[in-house]
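*Asks:* The letter at position 121 of the sequence shown is residue 122 when you use the working numbering, and the numbering goes up by one with no holes.
For the record, the hints were derived by calculation from the structure and aren't laboratory data. Remember, it's a predicted structure, so these values are computed and weren't measured experimentally. Idealized CB from N, CA, C, for every residue including glycine. One or more of the hints may lead you astray.
Below, simulated DSBU-like cross-link-like pairs (lysine-lysine); rule was C-alpha separation at most 35 Å, straight line [what the hints assert, rightly or not]:
id	residue 1	residue 2
1	54	125
2	58	19
3	125	99
4	99	54
5	19	125
6	64	19
7	54	19
8	99	19
9	58	99
10	125	159
11	99	64
12	99	159
13	64	54
Okay, the calculated beta carbon distance ranges per label pair [unchecked claim]:
id	residue 1	residue 2	range
14	152	187	19 to 29 Å
15	172	60	49 to 59 Å
16	71	121	20 to 30 Å
17	67	99	25 to 35 Å
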Amino acid sequence: YNYNVKQIYKEKKMEIGKVCVASWGSYNACNETEATLGVWVDFNDFEELSEIKEHLKNKHGFKIDGIDEELFIIDDDNGLYPYDADLASAWERYEILKDIDINILEILSDSENIRSMDLDELEKIGDNYTFYDGYSFYDYAVEIFNELYLDQIPNNLKGYIDYDAFTRDLSFDCHYIESFDGLLIECA
């Protein structure tokens with residue numbers, strides 16, 4: 002399956018670490034506190050998971066050693082974290098996400114359900130996809146053709162190369178997504 006997301010692609014800079022954290026204890030007790038309603042935090046602002054818990058405790062009044070010990074994710078802006086994920090597994094997910102090319106994540110978030118991927122699938126994204134900055138699928142196909150076949154064609158026949166046909170035929174065997182920023186190819 003192939004997508005052209007140029008029409009639906011939003012001009013954005015993805016914030017992979019921004020999540021809304023709440024407490025199961027306060028939620029179940031129906032407390033009207035930030036622990037129930039959730040607090041937005043950005044994982045990028047912290048070095049360790051323990052720092053987030055301290056931040057929630059000291060700045061937002063979470064009772065980390067009491068009713069608010071079970072923390073979970075209630076929202077994120079980009080569909081990268083499972084709903085109801087506990088804070089520790091969300092942090093582990095963030096550690097994987099931050100190592101993936103942001104262009105790949107931005108494009109995939111419009112066409113794939115990253116939220117439902119397990120950690121093994123998520124780790125493979127960087128290996129399974131390649132982003133070509135500023136490329137269209139046509140540009141990619143021409144480059145592939147030239148690298149693989151152009152040297153084998155006599156100079157007097159090079160003007161007859163049908164790059165459009167080659168691009169079309171290559172598209173049958175390739176999973177790709179075009180965006181304003183470039184091309185995402187799923188590697189075989």
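*Asks:* Now tell me if each hint is right for this structure.
*Replies:* Taking the hints in turn, this is what the structure says about them:
1. 54 to 125: Given pair residue 54, residue 125 holds - Cα atoms ~29 Å apart, limit 35 Å.
2. 58 to 19: holds (18 Å)
3. 125 to 99: holds (13 Å)
4. 99 to 54: Status holds; Cα separation ~20 Å.
5. 19 to 125: holds (22 Å)
6. 64 to 19: holds (22 Å)
7. 54 to 19: Roughly 15 Å separates the two Cα atoms, so the pair holds.
8. 99 to 19: holds (12 Å)
9. 58 to 99: Holds. Residue 58 to residue 99 sits at ~25 Å (cutoff 35 Å).
10. 125 to 159: violated (39 Å)
11. 99 to 64: Holds - the C-alpha atoms of residue 64 and residue 99 are around 29 Å apart, at most 35 Å.
12. 99 to 159: Roughly 44 Å between the alpha carbons, so the hint for residue 99 and residue 159 is violated.
13. 64 to 54: holds (10 Å)
14. 152 to 187: 19 to 29 Å: Between residue 152 and residue 187, where Cβ atoms are some 27 Å apart, the hint holds.
15. 172 to 60: 49 to 59 Å: holds (51 Å)
16. 71 to 121: 20 to 30 Å: The hint (20 to 30 Å, Cβ to Cβ) holds, given that residue 71 and residue 121 are roughly 25 Å apart.
17. 67 to 99: 25 to 35 Å: holds (31 Å)
In this structure, the earlier hints numbered 10, 12 are contradicted, and the remaining ones agree with it.
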